[in-house]
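Given chain A, put chain B in place with the hints provided.
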Amino acid sequence: MVRKSIHSLTGKLILTIGTLMVVGSTIFWYFLFRHQEHELIQNSVKYGYSFVDYVQKSTRYGMLTFQELLIQQTIEAIGSAEGVQLVRVFACRGKIAYSSDKNDIGRLVDKNSPPCLTCHQYKSPPTEVPGWTITKDRNGFRVLNIIRPIYNEVSCYTSACHVHKKDRKILGHVEANLSLAALDKSIKNQGIAITIYVLIFLVVISVVLCTILWNFVSTPVSLLTQGMEKVAAGDLDYHLDITSKDEMGDLARAFNAMTYDLKKAKEELVEWGNTLEKKVQEKTAAIHRAQAQLIHSEKLASLGRMAAGVAHEINSPLTGIVTFGHLLLRRFPQGSQEYEDVEIIIEQANRCSSIIKGLLGFARASAAEKALTNCNDVITHSLNIVRNKADFFNIKLITELDDSLARVKADPSQLQQVFMNMIMNAADAIDGKGTITVRTRNMKDNDSDFVEIEFHDTGPGISDENLEKIFEPFFTTKPVGKGTGLGLAVSHGIIQEHGGKIIVRTKTGEGTSFFIMLPAHKEI
Amino acid sequence: MDTRRVLVIDDESIVRTSCSRTLGPEGYEVVAAQNGSEGLRLLEEGQFDLVLTDLKMPDMDGIEVLKKIKENWPQTEVIVITGYQTVETAVKSIKLGAFDYIEKPFTPDTLVAAVVKAFDKKQ
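Sequence lines, in order, name chains A and B.
Per the numbering used here, the very first residue in the first sequence carries number 1; after that it's consecutive.
Per the numbering used here, the very first residue in the second sequence carries number 1001; after that it's consecutive.
Just chain A, same shape as in the assembly:
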């Protein structure tokens, strides 16, 4: 869509350049023309002077011998030449003595006519006078009018006729009217020719300019406009094919880059829109998980506080039961029914005491004395303790310990408590028959190094329902009197206090793995 009016860029440029060229060439040609004309007139005047000189010389003999007829004939002959309109000789006082036009003879010349005024406008005649004027004839052509004085010479006042006296300076004038028609025609023709040349020149320049502007400006601009309209309408695949290395090329490349970016941004937006719902779901699930975890640890913490309070309150009455049990025991002979009864009281009180100890352990995992610890050593030690127990006779204990295991900053006795708990739980899970595997390895997660200890048993696995509760205090699947339900709660507290975590992976019928992850110490 190209606007072909003068409001278009091309139109404005052509108009401006055209105007400048017309004005410029007009001024140039005008002055050139004026100068040429001036030169031509000067040449004509020079020619005119020669002509008058020639008239004087031709009539000189006639003058000296005073042969009026001869002079008149000579004047007539000269006056009949082409371009010579009139040749006259006037005597003093302006009386026309000879003329190419016979009717003039004897008449007086008007002193106020333009040729005469060239001298007679001054009070005393100037020594050097231009002696020529230009007038127009009836046909509108210019006429060069030249008047030259005839000076008194010795031969004039000494001639036999004695017409002129010695004291006169000027004896008369010769006047010639020479037609400049040929010159005018030539000048006119030249003017027409120059005008035509200038017009042709303007047209050629305009055409060349138009072509250049059309190719380098209008076409690319219209292509760009077209492209922008397409992009605005939503066609982001549109590509401009302007490969020139000038500003237009730069503009086109910038346009293509812009379209490409727009397309990418739009695609991203669409992609975002498509995946937004999924992302929101994922985030929501993550928030729910974090919330559940927070509630879980808050629950464990408040349970810990409660347990500590309960433990403290129960310790004192337990002291009474244990003390008075022992005091009572002394009163009965060993082996008596009473003695055995009181022993049961003391035994049960001690059981209470061990539950309390577990509770306190759960509540105060913070009082750890941390040192750089090798988990492999702690595991080996823990396994050595249980290995010789009767409960482990039918259990195969396998260790796959990583020799290059990083050390951790931990309380070894607390770690042993946790590992023992894991091993005892595994032994209970397989009911004394099966395999317990302990593995250690270095791991890396999100740029942080940690140590992973896996306790795997070949037991029946943990049901989903129980899996949620295993870390809660007092939760146990063991028979009454065998487990306190505090082992995993205490282990969880200890590992959390060490900056680690416990993860359980279980599959019904295939066994369970407890993974303990502890941050590795950065060895320098």
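Some residues of chain A that are not near chain B, with every Cβ distance over 12 Å (derived): (1) Gln56; (2) Ile196; (3) Tyr197; (4) Leu372; (5) Arg407.
So these bits of chain A aren't anywhere near chain B, every CB distance computed over 12 Å: (6) Ile78; (7) Ala97; (8) Gly140; (9) Ala257; (10) Ala390; (11) Phe392; (12) Met424; (13) Lys444; (14) Lys501.
Cross-link-like lysine-lysine pairs, in silico, BS3-like; alpha carbons within 30 Å at most: (15) B:Lys1095 to A:Lys370; (16) B:Lys1095 to A:Lys357; (17) A:Lys370 to B:Lys1092; (18) B:Lys1092 to A:Lys409; (19) B:Lys1067 to A:Lys357.
No lab work stands behind these hints, which were simulated from the structure alone.
In this text, a Cβ means the ideal position worked out from N, Cα and C, and glycines have one as well.
Here is chain B on its own, set in the frame of chain A:
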């Protein structure tokens, strides 16, 4: 000074009774106080060789009592009784001059053994 005098400071009467019933037959004169300030008042009134004090009490905690005793009666030995034992409090009490600490619930044998050890040290 033939009678060996022991002061028991505990807010729980059962603990106080347990101590006096355990240590009485062993030949100790046991006086009981149910809080820190009462214990300190009794210390001012009469001479005691050993003080058994609970750590957690309503008005003044055992650490405070321990500090006051070591300040005013440096000759009197102190055994700390705790139902809420942590390594930190144990270390802290020993550092402040306690002779020993025993954990609730304790058996009569544990208590007697600790008390005997404290008197052995005095002699």
